[in-house]
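Given two chains presented individually in distinct reference frames, assemble the corresponding complex, making use of the accompanying hints.
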Amino acid sequence: MMDLDEIEKDLLKQVADISGIPAGAYNFRVNGKSIGRKSTVNIDVKPKTTKSGIDVFIKANTKKDVVHIPVILSKSGHKETVYNDFYIGDNSEVTIVAGCGIYNCGVQNSIHDGVHVFHVGKNCKVKYIEKHYGTGPSQGKILNPTTKLHLDESSYVELELEQIAGVDSTNRLTQATLQKDAKIEIIEKLLTHGRQTAKSNIKVILNGKNSTANIVSRSVARDISKQDFKLHIVGKTTCRGHSECDAIIMDKAKVIATPSLDAKSLNAELIHEAAIGKIAGAEINKLMTLGLTSTEAEAQIINGFLK
Amino acid sequence: MLELKNIHFSIKDSDRKHHILNGISTKFKPGELVVITGPNGSGKSTFAEIIMGLKKPSQGQIILNGEDISSKNITERANLGISYAFQQPIAFKGVTVRDLLQIAKPKNRDFEELEIVGLAKTEYLDREVNKTLSGGELKRIEIATILAKDSQIMIFDEPEAGIDIWSFDNLIQVFKKLRSKNKDKIIIIISHQKPIMDIADRVLLLKKGKL
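Each protein sequence line maps, in turn, to chains U and R. In terms of my numbering, the first sequence is numbered consecutively and its last residue is 307. In terms of my numbering, the second sequence is numbered consecutively and its last residue is 211.
Next up, chain R with everything else stripped away, as it sits in the complex (with noise of 0.2 Å):
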């Protein structure tokens, strides 16, 4: 179960501050896949980045299976359970794609994960995640890493940005697979799209920093 209390978020801009996050409240419950939409600039991301430690709130508590985990760093929560695929993929130098996926999985030896997400390992294996592929192949190499990692907590983040309509299909097929094969995960997806809120148990809607 993960829970957010009260989760407050703000930046200040010269004299201005901007409310971000105005006091979100929710709980995830395992087996569940949940959709959080909105506006641009309603605040999903920053909600994502504050459950995975990127982000700190200004106010709130986040509860990870009964202990607050509101002070641990982006590690501590990766470790605990938590994965965060991110809307704009990093590009690295020096880091290939079998890098990412044995970090994710220290014993990844037959890097499925590539196949699923349509990209052949003879192909992409060994080159580095850099600005040389396209923006749909890097964010295809970052939902292979968050399924290699296999945490508890899945948060994808507009997976469907940058992703051909082809792959956007087999998408829809990997989300649907991965919550009939794990009752004890919770997905969340960042979405603007109709098909996967359709295969979503709840759709939240972010709006003006409020659920």
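Chain U with its partners taken away, still in its complex shape (with noise of 0.2 Å):
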């Protein structure tokens, strides 16, 4: 294992859930510093030379690789933007796991602006698996993802996006480009408690012929958090595309679900669908009528929502 610290490791495997050298090809990067970065046979890993980030080029026909790039801050007041761009080649199926996990125990704000852009050849599979997550006793971890794709033809892309748990501040950017043919799902589960905020913004654009997008978005808000969501589907042509977001509001917490629709087309078909609430106490004797306490049915139902 690289040399981390205690905490170190916990963030990483909370965030990629590994807790040494993972298989494959991948970057470490721990407080704005690469600690470990590893190319394959198909998986090259580049660091950029004008800015901070990394070039991943995977060739054509690699099947079945996977790529590790987590981020860990666990320096006070580090603030860092960081760049990586993915290029996978035709016919590729990969598992990329990014993600990152923030300990904060100064005065000064933690942040990671990490900005991911994705060019998908043709016939692609990719799944991309993203968690965010803070801990430590300061307040001041702030995680802003700007997560943009472009998807060429017959290519599919699975985003799975997460905030566990603890981040302050978060503003999220989520932007895709399909062609003909392509298929996007983006699940995005999100927590928020205390006095956190996040803001995410979906917009995918179906530009080319039977492109089909699905976005599902879950969460929980607790506490006085304040949570924000724009989900937006352009359909430019004969297309599918369908959103859903769903959230749970507790205690005095605030959620605003903005989905909206843009059909370009006569044969675009887009469905949208919103809805926000809180726990119904149906739910809660119900599982009580089967012996979980009242707090451990609310543990139930919010862990079973954003599984």
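In short, the hints are calculated from the structure, not lab data. There's no promise every hint is true.
[To be verified] Label pairs and their calculated CB-CB ranges:
1) U/Asp-5 x R/Ile-63: 54 to 62 Å
2) U/Lys-252 x R/Thr-122: 40 to 48 Å
3) U/Gln-175 x R/Lys-131: 27 to 35 Å
Note that the coordinates shown come from a computational prediction; the quantities given were computed from them, not determined experimentally. Cβ coordinates follow ideal geometry from the N, Cα and C atoms, glycine included.
And the structure:
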């Protein structure tokens, strides 16, 4: 294992689910520095020369490979903007595991702004997992991810974007443009508590014929936290798009959900759903009749909702 | 033994007080299958909900195996051996059939209860218990959950509601087996159906809040 202390190891476990050197290509970034990098036969991980970040080149026809690119911030006051670009060759099947964990015990903000751009070739199948997590006694754990995707013909991308807990402020921007027969599924899960704030802006442009998008956003807002979601789908041709924004609101939290659809073609089929509500008392009661306490029942529902 | 002593329950509607249950007293013995029937609005579900602790009576006592459980909450009653299948099953977001069955029976591994109510494990186990399921499917999952809980006292509130004829016949068999296999259990079924009354040891008629 690289030279990580216990806090950093825990952050790594939380955001990337790894406790040692992973198989496949990787780049581990801790407090602004790469502390481990590996390329493989099919995947080349190169540092950028003009700005902070990496370029990841995945050869055409790469099958079932994995790339891990976790980021850890454990030094209070560290602020960075990192640019990672992914060039995924035609017919590839890859999983990319990103994520950022922040530990803050100081008085200054710790900020990671990650800008990820994906150039996905034809007939690819890509899974991208990004988890965000904050811990430590101080406020000021800030994560602002930008994710931009360009999907070429017949490619498929699945995004799992998850904010587990402890992030004081986030401003998330996710944008995708799809060509003919391309498909994207975006699953966003977000939990805020205390005074935390979260903004998420997802925009998908269905540019190519028969392209499809499915966006599912699930969130839980507790205490006095605030969330603001904007889900926007543009259909320019024969295409199908669906967005669903579901939020559980608790205590004195506030949630705004603004889905919007923009059909520029008669053959664009676009649907949106949005629902915000508290946990129904009947749900808690039902689980209590099976032996859970009200606290356990609430936790079961929240965990299941964000699972 | 479950005993209800002089149970009263009323609700207020603007200035008027409606008496739903008017001094119900009855006993249920281990090994019994008892059907409670009566017209709509006679207080049958309220009766069951009071036993489970979902509603608080304005007066009266509930005695379980000699212990007064009137002040116990829902969880405490569940852990003392009372379970209740809701008349209108609850739909959740994020809770799967597997979750419900494992909460009911933490060491549940084979989930045979689903097969008992005629639902294929492969198809249903990992589905969310939400409104994408039909009323009949939700009802059968509700019954499976109570079978998994395997409590001393099992209360089923109109288990036939929303269930097709084939499943209803199957349900009758489930209740018959449940009674024949468990001589220590009390099974209370709220129902209007004659085939269910036919398998009962006793049928109680609840009318205008009185037995």
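For the pair U/Asp-5 and R/Ile-63, does the Cβ-Cβ distance stay inside 54 to 62 Å? holds (59 Å)
Verdict for U/Gln-175, R/Lys-131 (Cβ pair) under range 27 to 35 Å: Since the Cβ atoms of U/Gln-175 and R/Lys-131 sit about 32 Å apart, the hinted range of 27 to 35 Å holds.
If I claimed the Cβ atoms of U/Lys-252 and R/Thr-122 lie 40 to 48 Å apart, would that claim hold in this structure? Holds, at about 43 Å.
Of the hints listed earlier, there is not a single one the structure fails to meet.
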